[in-house]
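**Student:** Below are the chains, spelled out letter by letter.
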Amino acid sequence: MTTIRRFCCNDLLRFASVNLDHLTETFNMSFYMTYLARWPDYFHVAEGPGSRVMGYIMGKVEGQGESWHGHVTAVSVAPEYRRQQLAKKLMNLLEEISDKIDKAYFVDLFVRASNTPAIKMYEKLGYVIYRRVLRYYSGEEDGLDMRKALSRDVEKKSIIPLKRPITPDELECMVDRFGWCNHSSYQLVTSCVFYLFLSLLILVLLRYNISL
Amino acid sequence: MASKFGLAGGIPERRVRPVWDAIDSRQFKNALKLSTALLAKFPNSPYALALKALILERMGKPDEALSVCLSAKELLYKNDSILMDDLTLSTLQIAFQRLDHLDLATSCYEYACGKFPTNLELMMGLFNCYVREYSFVKQQQTAIKMYKLVGEERFLLWAVCSIQLQVFCGNGGEKLLLLAEGLLKKHVASHSLHEPEALIVYLSVLEQQAKYGDALEILSGKLGSLLMIEVDRLRIQGRLLARAGDYTAAASIFQKILELSPDDWECFLHYLGCLLEDDSSWVNGVLNDPIAPPKFLDCKLSHLPDEMFDSRISDASAFMQKLQADTSDNTIRCPYLANLEVERRKHLYGKGDDDKLMEALMQYFFRFGHLACFTTDVEVFVEILTPDKKTEFLEKLMKSSESPSPVPAKALGQSITLLKVQQLISKMYKLSESELEGSACQMVETYCKNLPLSKDLDPQESMYGEELLSMVCNVLVQVIEFVQFKERLQHSNQYLMARVEAPILQLKQNADNIEEEECVLESLKYGIHFIELSNEIGSKSLTFNEDLPSRPWWTPTSEKNYLLGPFEGISYYPREDMTKDREANIRRVIERKSLLPRMVYLSIQSASALLKENIKVNGSVSGPKISSDLKFLLERYAKLLGFSFSNAIEVVVGVSGGQKPSSTIASDLIDWLNFAVFLNAWNLSSHEIAQPDGNGHGHRPGAWHIVDSLLEMYVLEKVRSMDPQICSPCVDLPILVQLVTEPLAWHVLVLQSSVRSSLPSGKKKKKGGSDQPNTPLSHAIRDSIQSVCGTVEHVTKWLREQINRPEDENLETILSFLHKKGQNEGGPGQVFKILETSVSSINETQLGERISQAVKAWSPVDVARKIVTGKCTVASKFLKICESKLKSLHAMKQQIAQV
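Going down the list, the sequences are from chains A and B.
Just so we're aligned, residue 0 is where the first sequence starts under numbering that gives the first Met the number 0, counting upward by one.
Just so we're aligned, residue 0 is where the second sequence starts under numbering that gives the first Met the number 0, counting upward by one.
Keep in mind the hints are simulated off the structure, nothing from the lab.
As the structure is a computational prediction, the values presented were derived from the model and not from experiment.
There is no bait here: all hints are sound.
BS3-like, lysine-lysine: derived pairs with alpha carbons at most 27 angstroms apart:
| no. | chain 1 | residue 1 | chain 2 | residue 2 |
| --- | --- | --- | --- | --- |
| 1 | A | K102 | A | K87 |
| 2 | B | K255 | A | K88 |
| 3 | B | K409 | A | K123 |
| 4 | B | K147 | B | K221 |
| 5 | A | K59 | A | K123 |
| 6 | A | K99 | A | K59 |
| 7 | A | K99 | B | K221 |
| 8 | B | K395 | B | K419 |
| 9 | B | K409 | A | K87 |
| 10 | A | K123 | A | K102 |
| 11 | A | K99 | B | K255 |
| 12 | B | K321 | A | K88 |
| 13 | A | K87 | B | K255 |
| 14 | A | K88 | B | K409 |
| 15 | A | K102 | B | K221 |
| 16 | A | K119 | B | K409 |
| 17 | B | K137 | B | K184 |
| 18 | A | K99 | A | K156 |
| 19 | B | K398 | B | K388 |
| 20 | B | K659 | B | K638 |
| 21 | B | K174 | B | K210 |
| 22 | B | K350 | B | K395 |
| 23 | B | K886 | B | K796 |
| 24 | B | K355 | B | K409 |
| 25 | B | K892 | B | K879 |
| 26 | A | K119 | A | K88 |
| 27 | A | K155 | A | K119 |
| 28 | B | K355 | B | K321 |
| 29 | B | K388 | B | K345 |
| 30 | B | K114 | B | K77 |
| 31 | B | K398 | B | K419 |
| 32 | B | K321 | A | K87 |
| 33 | A | K102 | A | K155 |
Looking at chain A on its own, in the form it has when it is part of the complex (with noise of 0.2 angstroms):
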């Protein structure tokens, strides 16, 4: 029983059914906002009747050539509406959007070693482990980067898997080898302040209840 749709700045201030789980990282409202201004397209909510909060994706499209690939930063899905495929329902959105309107190559996820459910369900959905990131998550758990190819990627080369795990400097020096983020902050800053502003314009937008 589920209306997928766009998430609003609003369900920030009650979605928190959702993220009360110690495996649900809680960011601060400006993480929220730059997904919601940069990747409206990425980041979705499921109603159920009375309109609660049942889950939410939220996500991302980058990189360049062919590592231009969507990105899951979080999917989680509030106790009471567990094992009823609402996961595996926004993940497939997502991965609709990166194939077809984004053309992407592949999508991507982050997962802790230790979070052997979630390896299992992204299994079950197609995607397998592309390499392990040593010290991941602050420093102490391992994380795992898991693939699925798209359409575009006829070949499946984004998806075999890397022989030996590598480290988040390593992680962050491909990054730069892409050339696809350059990590010094005054850039950030300046890409920063523009999605800033689309993030504000949304919040007013919504203030007056105007479904863009």
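With chain A's structure known, arrange chain B on it following the hints.
**Tutor:** Chain B alone, transformed into the frame defined by chain A:
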């Protein structure tokens, strides 16, 4: 871009990078050192200055940062040849923004754009500046300039959005929207549109003007293909049709969506609404409260003729049947829940049939009763039933549970649902305490019995029936006798509240030293702002953002603590009725609190002015003025408490003298005591309260005595009520803490102020005569100090006893309490016992190793120990506060002895 050529703001990038790295890693001292070195090399670089300002601001030196910023700005303006790039300006902008000077940042960008009118980057920066200042018109103008410069789609959209903002915020008429539409039309004709967002903006401009037909035409045209997800496009189409009043077409669109995604509940509601030509979800368009939306839609149905209603309803039912038949996926609930909604609409139309509704509920239970979300799904529909019917429904459920599902996990799910429904229809509150306890025990037993089911689950999957335990908690809470104490559990997340509380906290922290306190007050402009704030509150619209439904119903609120009893029964949704009251109450509280700083200030002044005989204080406010100001505020304060000024005085006098019961003012205790303290301070300069005669305290001015005895009375009462603290819920502790840190602290300040001014510090004021009339007063002060001293000492003594008590003894008390209860009459102890026995009798092979390990690790003693430690920490913190109060009181004693 400068950085592409290895230059950043005119400085080689390799020199700038270390500074940014240091800032990024929050090593501000290092960053400052590096930036100073950079400045030595490039003394005239605004960029280097901006960097330094940014670092200074981060280090908490706003004044220095601002002056550096200003000199950077000056450099920019003065030297035309200087590179004026976006990097410099955006860095400067961040510094200005953090320093709360958006206007300066904007003027920098304006200047730069004037110099380089074709630089797109600078213009985008300027646009963002306007966005931050909410100057929509200038936003629009800048965006249009950019659009004219390069003709990009996004700049046009920025302009259009700026126009929409102007219209939404009420500063622009329909003409502006026409302009936006015209711009878009022209652009579409020449360039078409490329982004789905662009199309959505275009449609929303049309929709805003109620040009639904035009919007529909565009949507079904070539541009419509921009929306790749068909359901999304159909949803917009359906909405536009419904708004245009074409319900038949809209209903068929929604029907299409349902065929594509049969589980879309909202879409079903729209579908039904359109069939029944009910425009209520479209007309207001605006939800009353987007954060806590109403549970069910209001519907307008009466206008449909009878036969038409019937035929439409049967159309809907037939379609749902078809959907049910077509879907093989057994997780899809929408077409089944739809039956319930259909019954609800009939009910609203006046053709309801409770038995049919109940039958539909039962059918839904048989299909989905094992799901955790069953109860929330049907909540709206159960609500329609009359109380008798509700009971009947429950009985039916119980009966069906006698023949449970053959799959054990399903059976467990169903029995959980049954209990949840019981809670939902407040069945429980009709039960007596012992019955409640019985059902709690039953739940725990079920939980233990079903532990083996979880054997094959992964460690991190939630166990079957976990909810049972949390429900047990919900039931026991009336009953349960000790709860972990959490000071200030309830932090209102209202920004305004925080704004008022922050200075009060600051005042509290510095209350031991009158000089420091005065500094704090000065920085608060003697509280005048807050008075203004208080004046505004009535007209301000506050938002209430708490997500109430996600908390358990017994979460203590500031007005009511359900944990305390008396047992009123589980009223599952008390909040919805109370929300309004609660909001009004919060308003009042904020209003009262915001008066505090000013009153504290005036009281201190009043006390010192008295003894200095109305010489001008701080050169601004003179004695009589203080007195009248304070009186004005006292009158307001009394009014906020619900009394007139004179009545409030009567109450205070009455309670302190024992003529009125102490419970008279117990509900707003802190506020009343504050009132008494400030009343006394005011009286010092106005002498309006006559001495209460014939009560044996003739030599003391009445107001002093009132404050002293009130403080003593309530502090002692609270201490008594909490003995022995560690083992009882000690819900009174926060109030006691507040008593000491608020009214008592203010009173100590008044005392300090009086003592200070009576000291012969001003050499010229050694008039022999002036001491004479003050003698009774200094007696009174002395007595008052003595009395407050005694009160605080009492608290300290009690706290010490609590802290020093051996830990084991405390543990013993808690545990024995449980055991004792368990043996005799049931109570929480019984649940406890069941847990204990089941722990000792686990069958390892049945449960699997992991679960049995976890179960064995459960130790009640550890839990109790944690509770005790937590309480001790709170107590010792409180002790520290009290000790520092005592210290200052003793110091005063000595001072006054010298007079």
